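Using the sequences and the hints given, assemble the complete structure.
Letter by letter, the chains look like this.
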Amino acid sequence: MMWSWIPGNWSLIWQLTWENAKLGVLPALYGLVLSLPLGIIAARWRWFYPPVLTVINILYAVPSLALFIALIPAFGLTDTTVIIALTVFSLCVILPNVVAGLRAVPPAVTQAATAMGYGPLRRLATIELPLATPIIMAGLRVGVVSGISLASVGQLIGVSSLGYLFIDGLQRSFPTEIYVGLVLVIALALVCDLLLVGAGRALTPWTARG
Amino acid sequence: MITFEAVTKRYPDGTVAVDALDLEVPAGKTVVLVGPSGCGKTTSLRMINRLVEPSSGRILLDGTDIRDRNQAQLRRGIGYVIQQTGLFPHRTVEDNIATVPVLTGLSRRKARDHARELLTLVGLDPALAKRYPHQLSGGQQQRVGVARALAADPPVLLMDEPFSAVDPVVRASLQDQLLLLQAELRKTIVLVTHDIEEAIKVGDLVALFRPHGKIAQLAPPDELLASPADDYVAGFVGFDRGIRRLSFVSTGQLTLGTGPVFTTDATVAKARAGGEPWILVTEEGTGRARGWVDAARLAGQPDGGTLGKLAADGIGHSFTAGTDSLRAALDAAVLSPAGQAVAVDGEGRVLGVATFDQLRAAIQAAGQTEDESQAQGAGQRP
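So the sequence lines, in the order shown, correspond to chains A and C. Counting from 1, position 144 in the first sequence corresponds to residue 144 in our numbering; the numbering is continuous, with no gaps. Counting from 1, position 253 in the second sequence corresponds to residue 463 in our numbering; the numbering is continuous, with no gaps.
Treat the hints as calculated values from the structure; they're not laboratory data. Predicted model, so just to flag it, every value in this text is computed and none were measured. Cβ coordinates follow ideal geometry from the N, Cα and C atoms, glycine included. Among the hints, a few may not be true.
With the Cβ distance kept under 10 Å, some of the chain A side facing chain C (calculated, not the full set) [as the list claims (entries may be wrong)]:
1. P107
2. V109
3. T110
4. Q111
5. A113
6. Y118
7. R122
8. L124
9. I127
10. P130
11. T133
12. G198
13. A202
14. W206
15. T207
Given below as structure tokens:
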């Protein structure tokens, strides 16, 4: 471990961390945006969900590198390729939680809302989605953390991330770089997760104990 | 007023939940739909706010077919209370109660202010307004459910097994609260229950359902108890319906005796001269009952001694003449060591006593004069 390497390469480390964060978080947010309408449809029309679930499970089984390579002809060696691939993966973990969250809303609650004159859209927006939020947030957390971790694989097709430190460290037989990259990926995942936990608490004050 | 005209609900699999139901729910009255599970009572209730649509027939609300009304408007004018409360877990108590007023365009602040008044109305501390439903007990949640249903002051209230999920003590207090509210608000209430006791306690009219959605009997509670239409009704109402029916008979016509009643400063000789097997001693001045003294205990006392000096047995409980029912009077007699019920006035002063013979005479008289108005006017307290 060569500590002096860190201050000497501060700007590189910072840039790679930022790019890794972007490549990890954006796909999870896109995944959420896609999961909401799909999940709402799947929760409402039950026949829709099993085929969708089969497709996303197959997609989730595709190795990330293979998916990157499959997208290269269309999008080249760009951020877009990594973001699209990781969005697909985050969709795979978030969508089931959207469906589970909406299905977990007690029938008595939706029935009471209907009986009080809520239309379906208003009920969805003000009753069902808020109540599904804790479960959806749990899915988003997994999506963000796995996105941050998978983003480093993008380095293999030349898309810049903390993965650079792994590959460069390996090629130069310089373990310090590898350790720094590993610690930063984990720290980045932890920080993002904590931020999401905080956001989740703020969004769902009723779940606080006591 | 709610009118069912030949309403049938048949499901696609052929099950008939409600079969050509005709029913009139008078404005300002409580009609209880009671029956075994699967008898169509809940389906009938849910057709009123169109959670379920009838297969045929129609339902009129104040003369208008409910299908001609805007669905959301119709529902906002009908309070709905269910067993599982259906409270919104993510909203505070006050925001739960404010739901319908806010939906109909009232400002959140006004709606919350009103919500606090409603909390008081249903017997809850307004300090609970900022809590979430899961922080309340089952009974409190159910009261919030009632407050929420009343928030927009709808003329109609639908209650589906509203008190079935709480323990018997809480249930009784919720029922009492409903009776108090109803005496004040005079809503048109349709309440579904499987509990015939509850039906008899809170209903102005009871509709007893047979399985598969037919009404076996529609009658005021005392009539249901006094003259069940057939064996099914009699069986459902229960074997002690004769005694329970006495809840609806006033003690106003009961003959009271004052023979055994003496004050604390009366002498032993005077009490003995009456020849009564039991003497009821009352406090000089207040007129309240002190207790029963039997003739054997009296026998050993000096003639000049006063009754106040003697130990007396407790009276069990008394009944308030004219207010309490014959059932309360009969219960008082059964529990009394002397086998006589002590009648008091509103202030607790002893008016006299009723023996089993006098109670029997009153019961028989009530059976002969099947007078609706008299029975309706009888006290609610069993």
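Inset, instruction - Kindly indicate which numbered hints from before are broken by the structure, ordering the numbers from low to high. - result: Of the numbered hints, 8, 12 and 13 do not hold.
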